[in-house]
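*Asks:* If you want the building blocks of each chain, they are given just below.
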Amino acid sequence: AQSVAQPEDQVNVAEGNPLTVKCTYSVSGNPYLFWYVQYPNRGLQFLLKYITGDNLVKGSYGFEAEFNKSQTSFHLKKPSALVSDSALYFCAVRDNSNYQLIWGAGTKLIIKP
Amino acid sequence: DGGITQSPKYLFRKEGQNVTLSCEQNLNHDAMYWYRQDPGQGLRLIYYSQIVNDFQKGDIAEGYSVSREKKESFPLTVTSAQKNPTAFYLCASSPYTSGGTKNIQYFGAGTRLSVL
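Protein sequence lines, in the order shown, are assigned to chains V and S. Heads up, the first sequence is in our numbering, so the first residue is 157 and it goes up one at a time. Heads up, the second sequence is in our numbering, so the first residue is -14 and it goes up one at a time.
Since the hints were made in silico from the structure, they are not lab data. These figures come from a predicted structure and were not determined experimentally. Heads up, some of the hints might be wrong.
Stated by the list, open to error - Per the computed footprint, the stretches of chain S lying under chain V, defined by three or more beta-carbons under 8 Å from a beta-carbon of chain V, are:
#1 26 to 38
#2 88 to 99
To be verified - Ranges between beta-carbon positions, derived for each pair:
#3 V:253 with S:80: 16 to 26 Å
#4 S:25 with V:157: 34 to 44 Å
#5 V:266 with S:39: 34 to 44 Å
#6 V:235 with S:-7: 37 to 47 Å
#7 S:1 with V:171: 44 to 54 Å
#8 S:65 with V:176: 42 to 52 Å
Beta carbons: idealized from backbone N, C-alpha and C, even for Gly.
Required output: the full structure, derived from the provided sequences and hints.
*Replies:* Next up, the structure:
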């Protein structure tokens, strides 16, 4: 079965420290992977995607993600966290049978000053 | 949220009542989607439409209905058959659904539906 797992419900990081939000996936065929961010009572905003090419993908707001095929992971990273990065982060993978997105449950990121 | 407008922002439903959530986009996207978001469960697909006058059921279509009479509009009706409708509803659109590298979904600001 195709799926996405975000193993951490919440991640706490001090401002200025590096952050990582974890995502693992299971999909048939080539993985198309996405990260989105959601601020309270708002819709989701696209951050970055991996389709093919370099395993390190750069996106909006200084975020990047590392694709690891052998570990079937697509972890979101940022070298130096900001308080304004506090939000809910979703990982998604494309279901290659119907081209719809399969969503993780989300990880709440809290950056403390 | 630019380009996709959801209304109303808050909606209350009485028992036995049908309610309709509006979603309009001016991005000229072909595909539109409705998701339901519950705490700790991520997004679940209700319905999606790839073209005008055509739509497909998602994972949790029971108790919901949609129409796609215009490219810009994809309203969702929550019927009285949906016994647990309290949730945050998100509408999205994308330029493609059948592969390609541009299948990024753009979201509206959401409608929060509660039962009176």
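*Asks:* If a hint holds in the structure, say so; if it does not, say that too.
*Replies:* Consistency of the hints with the structure:
Coverage of the region 26 to 38 of chain S by chain V holds in this model, with 6 residues showing a Cβ closer than 8 Å to a Cβ of that chain against a need of three. For the region 88 to 99 of chain S, the assignment as covered by chain V holds, since 9 residues bring a beta-carbon within under 8 Å of that chain's beta-carbons and 3 suffice. Roughly 20 Å separates the CB atoms of residue 253 (chain V) and residue 80 (chain S), a value that falls within the hinted 16 to 26 Å. Take residue 25 (chain S) and residue 157 (chain V): their Cβ atoms lie about 20 Å apart, and the range 34 to 44 Å is violated.
For the pair residue 266 (chain V) and residue 39 (chain S), the beta carbons lie near 42 Å from each other, so the given range of 34 to 44 Å is met. The hinted window of 37 to 47 Å between residue 235 (chain V) and residue -7 (chain S) holds, with their beta carbons roughly 41 Å apart. For residue 1 (chain S) and residue 171 (chain V), the Cβ-Cβ distance of about 50 Å falls inside the hinted range of 44 to 54 Å, so the restraint holds. Checked against the hint of 42 to 52 Å, the pair residue 65 (chain S) and residue 176 (chain V) passes, with Cβ atoms roughly 45 Å apart.
In terms of the numbered hints stated before, the structure departs from hint 4 and from no other.
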